[in-house]
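Participant: So you can see what is in the structure, the chains are spelled out below.
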Amino acid sequence: MEHVVFYFFAGVSVIAALTVVFQSTAIYGVLSLIVCFGAMAVLFFQLGAHFLAAIQVIVYAGAIMVLFLFVTMLLDPESERFPSNRLVKTTILALPVAAFLALLLLQALAESWPTLDVGQEQTGRIETIAAYLFRDYLLPFEITSILVLAAIVGAVVLVKRSD
Amino acid sequence: MDLEYTTLLPEIILSLSGILLMMSAPMVDRERQHSLGYPALLGIGTAFAATVVQWGLSGEGFYGMVFQDSFSQLCKLLFLFSAAAITLSAMSYLEREKLLHGEFFALLSFATVGMCLMASSADLILTFLGLEILSVSTYILVAFREKDPKSTESALKYFILGAFSTAFLLYGIAFIYGATGTTRYTQVADFLSSASFYPLALALGLALIAVGFGFKAAVTPFHVWTPDVYEGAPLPIAMHLAVSSKAAALVALLRIFYQMLPDLSQQWEGMLSISAVLTMAVGNIAALTQTNIKRMLAYSSIAHAGYLLVGFCANNASGVQAMLFYLFAYALMNVGAFTVIQVMARDNERFLSISDFRGTARRHPYLSAALASFLVSLAGIPATAGFMGKLFMFAAAIESQHYTLVVIALLASAVGLYYYLRVIVLMYMWEPSDILEPAPVPLSAKIVIAIMIIGTFYLGIYPKPILDLASEAAIF
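Taken in sequence, the protein lines are chains A and B.
Quick note on my numbering: the first sequence kicks off at 22 and runs consecutively.
Quick note on my numbering: the second sequence kicks off at 76 and runs consecutively.
What the hints contain is simulated information worked out from the structure, not anything from laboratory work.
Possibly wrong hints are sitting among the right ones.
Stated by the list, open to error - Once the Cα atoms are required to be at most 27 Å apart in a straight line, the calculated BS3-like pairs of lysine-lysine come out as:
(1) K232(B) <-> K222(B)
(2) K225(B) <-> K181(A)
(3) K232(B) <-> K181(A)
(4) K181(A) <-> K521(B)
(5) K173(B) <-> K521(B)
From just these sequences and the hints, can you work out the full model?
Facilitator: Below, the structure is given as structure tokens:
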């Protein structure tokens, strides 16, 4: 049963991700990205990372994708289509590179990977996350605020320029 | 392991100063926004003093997340010194160009915080965050020349390519984590020294991390953005890109490769020496044909990244020492050269074509002499800091038998002589093309140029002080 659920949602996420790339209408691309994120959330849930699954749905599939949708609608991407002869040229260049990377990736994935030793009852609990967030990774967590602050100041500066 | 706040004292001071600058910008008159440079200088100076006071202290802080050692401290001194010089030259620049946004100094402070974190980080996640703070602040700073569409264009180019390279870096970090189960430098190194075989994922991670930092350091084949972005960016920010941002990327990569992946040194030495040869060749040859001095210096900065990689490939303590010394020398001469050009370019950066430098020695005898000495130092002629830097670097590479690399580096420097000397010849041996009043030289620019001149010749004749500090910092 577990395997069936995994392969189903893994398949859904791969197909949705491919749709994002190959879909020529931008809105459909954004919608398939939401499907992809939703399927990923199920995979996280299966791994026992319940908190991460919830965050994935709320933050990514919810908040961020709504913003994406708005921006896509405002920009009217239909008016700017990719010239098709350039598409052929880039595909010819991209295929060998992609094939090489895929080979490398398959090779790397075929090896044995170390697994993290976390008990099923521990993961996903708010306590475990808190220990990581406010102890081991306290500094990256705090430093992210400087990153966000720089981005906000930057956005304000860029908007103020126009007047 | 404990929470040792003081290990990050300079960063904390600088972050607070940045936040205060940001909050005071709306309260200062629009016409006087450039004077926010003074409090910015105070913040940078305090952080510098804190680093000097802490010199020699060592340990770990924030539960093993950061190192406090002489390497990170010397790098911080370098970043803070360059940040102070850039702030000082930016003050008169912002006033002249009427770019009335005091946030410039806040963003520059944040970028410096990011660089300092990259130098002291003990974990890939923190290194990544430091790089992002540096990048995000720099994207905005590049777009600061609001009246010139080129500035916006170059910021957009830098942003899109930068985001792309960040994705590569993050992917590499994920591979390292997957292969070893940790992102902490020392733990990865422990895992590798006891591993019986190296998974391929590790090699992928290594290559992708090199791509991510190679982009920021403008190393071939990831250098294509450099001339366009330098050309559009405000001159003080071109200075920041050429000096600080490049140094931070190389220093972080040094820490990762020397401290986390010493067991894979054969792999990365090969990879980086190929890149070093390409970088020196592309940088020096492309610089020959440039007609804009900003673009010429952009290619020259690519070439210098190549020389620095020669020291990197040496993979011994004297290589690290030589790299750190060279970064100081490079900061002195590059900040100096960019400041002179900033004064000579006049308002709206009008005179930036190389032919505009014809006969400037008549109009600006002192400035031309200063620019000539910085260019001579960049070319690596004896009695200047640039020569000493190259000497130590190539000696370190010979120590580890990288003879071919050194021969190629010497040939590349010989090619480089041509385009540096061409500007000097234009300044001294040609008639001025038009009659212009001498450009006004603000006091802050005079101070910066004077310090850089003294530094360039002092290190060229008596390199011992910085060399001693660098040898103390070469801890790997």
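Participant: Sort out which numbered hints this structure fails and list those numbers smallest first.
Facilitator: 4
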